[in-house]
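Asks: Heads up: the protein sequence lines correspond to chains V and L, in order.
So the mapping is simple: my numbering equals the position in the first sequence, first residue as 1, plus 14.
So the mapping is simple: my numbering equals the position in the second sequence, first residue as 1, plus 14.
Watch out, some of these pointers could steer you wrong.
Distance ranges between label pairs, derived from CB positions [what the hints assert, rightly or not]:
| hint | chain 1 | residue 1 | chain 2 | residue 2 | range |
| --- | --- | --- | --- | --- | --- |
| 1 | V | Arg71 | L | Arg294 | 40 to 50 Å |
| 2 | L | Ala297 | V | Ile299 | 49 to 59 Å |
| 3 | L | Leu203 | V | Arg122 | 38 to 48 Å |
| 4 | L | Arg164 | V | Ala132 | 20 to 30 Å |
Not the full set, but computed from the structure, chain V residues with beta-carbon under 8 Å of chain L [unchecked claim]:
| hint | residue |
| --- | --- |
| 5 | Asp45 |
| 6 | Asn67 |
| 7 | Gly97 |
| 8 | Phe103 |
| 9 | Pro144 |
| 10 | His204 |
Residues from chain L that face chain V, not an exhaustive set, calculated with beta carbons under 10 Å [stated by the list, open to error]:
| hint | residue |
| --- | --- |
| 11 | Val57 |
| 12 | Asp62 |
| 13 | Gly145 |
Note that these hints are calculated values from the structure, not bench results.
Computed from a predicted model, the values in this text were never measured in an experiment.
Ideal placement from N, C-alpha and C gives every residue a C-beta, glycine not left out.
If you want the building blocks of each chain, they are given just below.
Number of protein chains: 2
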Amino acid sequence: MVDSEKSIIRRIRQLSGERGVARVPLGIGDDAAVLRVPSGHEVLVTTDFSLENVHFRRAWHPPESVGHRCLARGLSDIAAMGGQPFAAFLSLALPAKLPQKWVDAFLRGLLTLAKQHAVTLAGGDMAQSPGLRSSAKVLVDIVVVGSAPRGKSLRRSGAKPGDAIYVTGQLGASALALEALFAQPKKKLHPNKHPAHFYPQPRLAIGRYLREHRLASSMIDLSDGLSTDLHHICEESGVGAEVVAEFIPRADGGTLEQALHGGEDYELLFTAPRDRKIPRRIAGIAVTRIGQIKNGRTRVLLRDGLQKRALPPGGWEHFKNARRSS
Amino acid sequence: MVDSEKSIIRRIRQLSGERGVARVPLGIGDDAAVLRVPSGHEVLVTTDFSLENVHFRRAWHPPESVGHRCLARGLSDIAAMGGQPFAAFLSLALPAKLPQKWVDAFLRGLLTLAKQHAVTLAGGDMAQSPGLRSSAKVLVDIVVVGSAPRGKSLRRSGAKPGDAIYVTGQLGASALALEALFAQPKKKLHPNKHPAHFYPQPRLAIGRYLREHRLASSMIDLSDGLSTDLHHICEESGVGAEVVAEFIPRADGGTLEQALHGGEDYELLFTAPRDRKIPRRIAGIAVTRIGQIKNGRTRVLLRDGLQKRALPPGGWEHFKNARRSS
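Please build the complete structure, drawing on both the sequences and the hints.
Replies: The following block contains the structure:
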C-alpha cells in the first residue's frame with residue numbers, strides 16, 4: 015500500500031493545491047496534522063462514515079457525487095454548530111479492483127466542495143478494503159474540523175418551551191430521489207435534476223449568521239429526517255414539540271411523508287425564542303416557521319388539519335433498512 | 015440504527031464516565047464535539063483505520079485487543095509529534111450478526127487505554143457494515159486529537175546529515191507474533207505472552223520528554239516497520255541514512271528481518287544532533303542509537319558486519335499482502 019498511498023497523497027496535494035496555510039501549518043504526510051485556531055476560539059470536530067451500499071451505491075451515485083456527499087455530511091454538522099470549517103481528514107479504503115478513474119473523480123468531487131468552503135484536506139488514512147472481489151466495498155470516513163468563538167457554538171440542548179421551530183430550505187427532496195432510485199433500480203437519475211440528493215449544499219452561511227446574531231436557542235442539521243432530528247433536539251433539551259403539517263416546506267413534487275421522515279436534506283432545524291425576529295431568507299435560502307417547543311419531554315406531535323398525532327422518530331429507518339438489504 | 019446508536023452512546027458514556035471535562039466541554043451526542051486547547055498550543059489530529067482482515071482478525075485477536083490496538087495506533091501518532099492526546103473519536107461499522115459481547119469487550123479495551131492516558135471519547139459515528147452475513151466486516155476508524163505548544167511539535171522533516179538515529183524499546187516483537195499466527199492459523203496465541211503485538215504501549219511519555227528537552231530533530235512512530243519509516247524521515251527531510259545491523263535492538267527470539275521490516279511495534283524512531291546527550295532510558299524504556307543520517311536523498315543503507323547494502327522501504331508489505339489474502 016505504501017506506493018499507492020504515496021501516489022494518492024501526491025494526487026491530493028496536486029488537486030488541493032494548498033500547503034502550509036495559516037490554520038493548517040502541517041498537513042498530509044506526517045504522523046499527525048497540525049492545526050491552529052484563533053485565540054478565544056474552540057475546536058469543533060465531527061466524523062461521518064460514508065459506506066458503499068449503506069450510504070451510497072456505485073451504480074446510482076457518480077463518484078463526484080460520492081465525494082461531494084461524504085464531505086457535505088461533515089460540513090453540515092459544523093454548520094449546525096454555527097461554526098467555520100477549516101480542515102478535513104479523509105480515511106479511504108478501496109477495493110483492489112477499483113478503477114483509478116473512480117478515485118480521481120471521487121477526490122475531485124470532494125475537493126471542489128472543500129475549496130468552496132476554504133477547507134484544507136489535512137490528512138487521513140488509506141487502506142485496502144477487506145473482502146474478496148465484489149464483496150470489497152468503498153469505505154469512507156470523513157472528519158471535519160472547524161472553530162467557533164468560545165462558548166458560542168449552537169447546541170441541541172438549548173430549546174425552551176415556547177420557542178418557535180424553524181427549518182431552512184425545502185424538505186424531502188433527497189428522499190424523493192432515493193425513492194425513485196429504489197422504484198427503478200436500473201434507471202439512472204440525472205444528478206443535475208436532483209441536486210439536493212446528489213450535491214447537497216451544507217448551510218454554513220446560515221449557521222454562522224444565526225450564531226453571530228444570537229438568534230437560535232438550539233440547532234441540528236437534518237441528516238436523519240425532521241421527525242428523528244426534532245426528537246434529538248427534544249431529548250437533549252428535555253422538552254416536547256408540536257409541528258404543523260401545512261407549514262412544513264416540501265420539495266417540488268415531494269410528499270408530506272418524505273418531508274417528515276426523509277433524511278439527508280442537510281437543511282438546518284433550529285429553535286428561537288418567540289420574540290426573536292428571524293429573517294424570512296438567510297443567505298438566499300428560505301427560513302420557515304413550522305411549529306413550537308412545548309413542555310413534555312420528547313413528546314413530539316404533528317398537527318395535520320384538525321387532527322393531532324404523535325410524530326415518532328425513526329422515519330428514515332425505512333430507507334436505511336431498504337438500503338441495507340443490498 | 016437510531017436505537018442501537020443511542021444504546022452504544024449510552025454505553026460509552028457509562029463506560030467512559032467522563033462528561034464535560036475541561037478540554038472537552040461537549041462530547042458525544044451533538045452534531046460536533048467541542049474541544050478546547052490551552053492558549054499558545056496547536057491542535058494535533060490523526061486518523062487511522064482498523065479494518066477486520068486487513069489490520070486484525072477476529073479469530074486471532076480478542077475484542078479487547080482490537081479496541082486497544084486501534085486506539086494505540088492513533089496515540090502513537092500523537093506520541094511521534096511529542097504531543098499530549100486528550101480526545102478520541104470512534105467511527106464503528108458493525109456486521110448485523112455481531113454479538114453484543116464482542117462490542118462491549120472491544121469498547122472496554124479501547125476505553126481502558128483511553129483512561130490510562132486521560133483521553134476522552136468525545137464522539138464518532140455508528141453504521142451497519144455493508145455486505146451480507148460473513149462478508150460484513152468490523153470496520154473501525156479512530157481519530158485522536160492532541161495538543162502541543164505552538165511550533166514545537168516534532169516532525170519527520172527535521173533530520174540533518176550527521177544527526178544520530180535512535181529507536182526506543184525492541185523491534186520486531188509484533189511481527190514475530192504475527193508470523194507465528196500465519197504459520198499456525200488455527201492455533202491461538204496467548205495475548206499475555208505477546209503483549210507487544212496484542213497490547214502495544216504508545217510511547218507518549220518519551221515523545222513528550224524529547225520535545226520538552228528539545229532533544230530530537232525529527233521523529234516518527236514505527237507503525238510500518240523500521241525500513242519503511244526511516245525512509246519516510248529521509249524523504250521528508252531530504253537526507254539519507256545508514257543503520258548498523260548489530261545495533262538494532264531485537265525482540266526476544268526475533269530475527270533481524272523482523273526488526274528491520276516488521277510493523278506495528280509502535281516504538282519511536284527519532285534523530286538528534288550528535289552532540290545532544292540522549293538518556294539511555296526514558297520513562298523506563300531503553301533508547302538505542304542505531305545509525306546516522308547521511309547526505310544523499312532517501313538513500314538508506316544497512317551496515318551488516320563488513321557488508322553494506324541498500325535497505326529499501328516496504329518490508330511490512332510482506333505481512334500486509336499476506337493479511338490481505340484473507
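Asks: Against each hint, give a clear statement of whether it holds in the structure.
Replies: Status of each hint after checking the structure:
Taking 40 to 50 Å as the suggested C-beta distance range, the pair V:Arg71 and L:Arg294 does not conform, at roughly 57 Å. Judged by the Cβ atoms, the range 49 to 59 Å given for L:Ala297 and V:Ile299 holds: they are separated by roughly 54 Å. As the Cβ distance of L:Leu203 to V:Arg122 is approximately 45 Å, the hint placing it in 38 to 48 Å holds. As the Cβ distance of L:Arg164 to V:Ala132 is approximately 22 Å, the hint placing it in 20 to 30 Å holds.
For V:Asp45, the interface hint holds, the least distance from its beta-carbon to any beta-carbon of chain L being 4 Å, beneath 8 Å. Here the hint on V:Asn67 is kept, as its CB sits about 4 Å from the closest CB of chain L, short of 8 Å. At about 7 Å, the closest approach between the beta carbon of V:Gly97 and any beta carbon in chain L falls short of 8 Å, and the interface hint on this residue holds. Taking 8 Å as the C-beta contact cut-off toward chain L, the hint placing V:Phe103 at the interface holds, the least distance being around 5 Å.
A cut of 8 Å between beta carbons decides the hint on V:Pro144: the least distance to chain L is about 4 Å, and the hint holds. Contact between V:His204 and chain L, as hinted, is not supported at the beta carbon level, the nearest pair being about 26 Å apart and thus beyond 8 Å. Annotation: L:Val57 was flagged as interfacial toward chain V, and the flag holds, the nearest CB pair being 4 Å apart, inside 10 Å. For L:Asp62, the interface hint holds, the least distance from its beta-carbon to any beta-carbon of chain V being 5 Å, beneath 10 Å.
Because the smallest distance between the Cβ of L:Gly145 and any Cβ of chain V comes to about 6 Å, under 10 Å, the interface hint for this residue holds.
Checked against the numbered hints above, the structure violates hints 1 and 10; every other hint is satisfied.
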